[in-house]
Amino acid sequence: MADLSAAPGSVSEIRDSYVELTQRRRVYGGILLVLFVALMAAGFRTADNRNAGSFSDGFNRIFDYPTEVLGEAWEKVGLLPGHILHFLPALIETINIAAASTLIGVVAGTFLALLSTRGMALWPRLIPLFRRISDVFRAIPEIVIALVLIFLLGGGPVPAMIAIAIHTAGALGKLFSEVNENASLKPVEGLHSVGASWAQRMLLGVIPQVGPNYVSYALLRFEINIRASAILGFVGAGGIGYELRNSMAWGQGRYDEAAAIFLLLFFTIVVVDQISGHLRDRLTHGART
Amino acid sequence: MTVLSTNTGLEELKQEAELLFQRKRLFNFGLPALVVLYLTYVFFAFDVPGLWSKLSPDNAYTLVSDSYSYKTHVTRDNRDASVSVAIEGERKGAYPEGEAPSWVTLGETTVIDLENGHVVRFGPETIEYDVPGYGLIRATPDRRRGVQAELPAGEVPDWINVSKNRLAVTTEAGRLTVTRSRSEVFRYFMGWELFFFTLDSPYHGMGVGELASRAATGEAAAIFNDFWTNKMWRHQDVAWAILETLLMAFLGTLGAGLIALPLAFLATRNFMPIRTLRFTMRRLFDFVRGVDALIWTVVLSRAFGPGPLTGALAILVTDTGTFGKIFSEALENVDQKQIEGVQSTGARPIQRYRFGVIPQITPVLLSQLLYFLESNTRSATIIGAITGGGIGLLLTQAIITQKDWEEVAYYIVLIILMVMLMDWFSGWLRRRLIKGDEGKKKKPKGTSKAKPFVLP
Chain R
3 MADLSAAPGS VSEIRDSYVE LTQRRRVYGG ILLVLFVALM AAGFRTADNR
53 NAGSFSDGFN RIFDYPTEVL GEAWEKVGLL PGHILHFLPA LIETINIAAA
103 STLIGVVAGT FLALLSTRGM ALWPRLIPLF RRISDVFRAI PEIVIALVLI
153 FLLGGGPVPA MIAIAIHTAG ALGKLFSEVN ENASLKPVEG LHSVGASWAQ
203 RMLLGVIPQV GPNYVSYALL RFEINIRASA ILGFVGAGGI GYELRNSMAW
253 GQGRYDEAAA IFLLLFFTIV VVDQISGHLR DRLTHGART
Chain Y
2 MTVLSTNTGL EELKQEAELL FQRKRLFNFG LPALVVLYLT YVFFAFDVPG
52 LWSKLSPDNA YTLVSDSYSY KTHVTRDNRD ASVSVAIEGE RKGAYPEGEA
102 PSWVTLGETT VIDLENGHVV RFGPETIEYD VPGYGLIRAT PDRRRGVQAE
152 LPAGEVPDWI NVSKNRLAVT TEAGRLTVTR SRSEVFRYFM GWELFFFTLD
202 SPYHGMGVGE LASRAATGEA AAIFNDFWTN KMWRHQDVAW AILETLLMAF
252 LGTLGAGLIA LPLAFLATRN FMPIRTLRFT MRRLFDFVRG VDALIWTVVL
302 SRAFGPGPLT GALAILVTDT GTFGKIFSEA LENVDQKQIE GVQSTGARPI
352 QRYRFGVIPQ ITPVLLSQLL YFLESNTRSA TIIGAITGGG IGLLLTQAII
402 TQKDWEEVAY YIVLIILMVM LMDWFSGWLR RRLIKGDEGK KKKPKGTSKA
452 KPFVLP
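Chains as they are written, first to last, in the numbering used here: chain R, 3 to 291; chain Y, 2 to 457.
None of these hints come from the bench; they were simulated from the model.
Please read all numbers here as calculations on a predicted model, not as lab measurements.
You may find that some hints are simply not true.
Below, computed lysine-lysine pairings styled on DSS-like, alpha-carbon distance capped at 30 Å [as the list claims (entries may be wrong)]:
| id | chain 1 | residue 1 | chain 2 | residue 2 |
| --- | --- | --- | --- | --- |
| 1 | Y | 404 | Y | 93 |
| 2 | R | 188 | R | 176 |
| 3 | Y | 232 | Y | 15 |
| 4 | Y | 404 | Y | 55 |
| 5 | Y | 25 | R | 176 |
| 6 | Y | 55 | Y | 232 |
| 7 | Y | 55 | R | 188 |
| 8 | Y | 93 | R | 188 |
Chain Y is faced by these chain R residues, among others (derived, beta-carbon under 7 Å) [to be verified]:
| id | residue |
| --- | --- |
| 9 | 17 |
| 10 | 21 |
| 11 | 214 |
All residues carry an ideal CB built from backbone N, CA and C; glycine is no exception.
Here chain R stands alone, though its shape is the one from the complex (with noise of 0.2 Å):
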């Protein structure tokens, strides 16, 4: 900003270092931009060149695969309802695992978020050690722990659950202890002075305060759990993507039971989230008033 205690200088002074100012942003934004743009053109080459099918060729059959598999659900709608209360169990049990791997995440994510937080800590010499235990409980993807898990323990959810689970405390533990921080630490003080325990602390003292923030978070984290599980069923951990991937295998004739998941997986996803995302807003503006 302008040098305030300096003598002012005459208008045109200010006016031609100001024009030369936004020019000379100009210019740096102009360069990011070219830049910006230059890197989307090479990227998208470069993943053109190196895909099966090319882009040009494959945007106008886009809609060739869903035409196919809905047609052939439309000519077979009757047997519709029949599949989905088929397909009801799997779909149980992909939700199966988000709930209990969402739960054991934020059981797991609150201890790490307390463990990594000042003045919360009970050893707060380890709080790094705690730290880069969600740092790199986060950056594994799912698939890896899972699919390492499902040769040791065979397909099925509990792979899943786990691997999820590891994840899901991590993201939570980071998103949790940027809670805690914003949390006041005087009930943590006042009862620490009448000789509360740690567990006593934090669950009396912490836990009240960030309650409503760290709800609101396992929410959303149910939202994107869901849609994980689903996906690690793709590569073998049971539930409904297990089911959409056999299905698919089975190709044409068999396109009525994919529509049936696609419909399954759709409406479940929508509706968790409409309901997750009502119940967030209603804890935040709760919380608000």
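Fit chain Y to the given chain R structure using the hints.
Below, chain Y alone, put in the same frame as chain R:
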């Protein structure tokens, strides 16, 4: 709450307080109880007790031991008595004909020194294994009569497995298997084998100092080439795979941002007067978001085939919905006064948007884009595993072979490093860019609270 009303008696107040406490207690104990109940249900629904029977300790042992150690196979073909040495038993790691590591002495009788007194001899007819503290194990493979094993007197210990056609001896020094057609010795070593150079490279087994001096005298390109084209670890392919994964995340996220920004204007109450169009736009965003990345990946890979482009497009399509929603919410919260101020200077509509609206939503926009860039790096790994591109594909391939666990460990380390690096980079960029806007330090915090849609 009700304390203010004057005519409530003390008793009544006390009762009320007690009731409140009771309710709170019920809530505080009821909720955890519900959670525990649910987890118990899941525990049995997922058949966790039955999991122990499914757990295969052999697999676990191979996985763990293979990820930090490797074995060298010394194999004798029992039909023509020829002996070959190969790391991990792979052709890519085979020693050239007539060559062997120093602990194997080739000859009429091949002597394999497993150290600590363990010696295996591949004789012209008979295989011998001298186990210190136990005695000499002899086995003669024969095409017709199977494997004839001669063990020292006494009970057969459980580390020796004898049957008519097979002898297997497992000690801490190594492992010997003799079948009709071949005899094989495994010796285990720590570390990842041939990580830098394969056996056919002249630089295999050289120290760092010698390599550095050779590199200084003009062999740097050759050394790098041998490393880069290492057949065992395929450094070149791995680097490309990581690049592909990052490319998917980059193209997908930024492409989605570019498409979603103009569309988001159409979905806001304050910029889009036509109600039906607004409504359609919002439903479109919801639809695209609801059809999960999984389904988009499946659909798009039918059209574009496997590869990074498909992954990028799947991310792009899904995130267009997400960004459309976030951006339109941010646009609905913009301050109208700033726009009016710009308008009062005689700005045209385009200028009004450019100087009145965009600066207000830039912090939200940038921080969301960067958050998603980081989280999409992870998604791209997963999508890559499904659609066949990037490091996700390499990882699944390595896991499917069920023996290259050292490669799996390597890829996992790379993936974690990649994601952490992206996390750090996007955080750094976010801080720089958003703090760079003078006086807006507080903004991202306030906006992120108003919009709990922030992804970790």
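Status of each hint after checking the structure:
1. Under the criterion of a C-alpha separation no larger than 30 Å, the hint pairing residue 404 of chain Y with residue 93 of chain Y is consistent with the structure, at around 15 Å.
2. Distance check on the hinted pair: residue 188 of chain R and residue 176 of chain R sit about 22 Å apart at the alpha-carbon level, within 30 Å; holds.
3. Taking the CA atoms of residue 232 of chain Y and residue 15 of chain Y, the gap is about 80 Å. The hint is violated against a cut of 30 Å.
4. Only pairs whose Cα atoms come within 30 Å are accepted, and residue 404 of chain Y paired with residue 55 of chain Y is accepted, the gap being roughly 19 Å.
5. Of the pairs offered as hints, the one joining residue 25 of chain Y and residue 176 of chain R holds, with about 29 Å between alpha carbons and a cut-off of 30 Å not exceeded.
6. For the proposed pair residue 55 of chain Y and residue 232 of chain Y, the alpha carbon gap of about 35 Å is over 30 Å, so the pair is violated.
7. Restraint check: the Cα-Cα separation between residue 55 of chain Y and residue 188 of chain R comes to about 50 Å, which exceeds 30 Å; the hinted pair is violated.
8. A C-alpha spacing of about 65 Å is found between residue 93 of chain Y and residue 188 of chain R, which places the hinted pair above 30 Å, so the restraint is violated.
9. Taking 7 Å as the C-beta contact cut-off toward chain Y, the hint placing residue 17 of chain R at the interface is violated, the least distance being around 16 Å.
10. Residue-level restraint check for residue 21 of chain R is violated (minimum Cβ-Cβ distance to chain Y is 16 Å; threshold 7 Å).
11. Below 7 Å, beta-carbon pairs count as interface contacts, and residue 214 of chain R has none with chain Y, the closest being about 10 Å; its hint is therefore violated.
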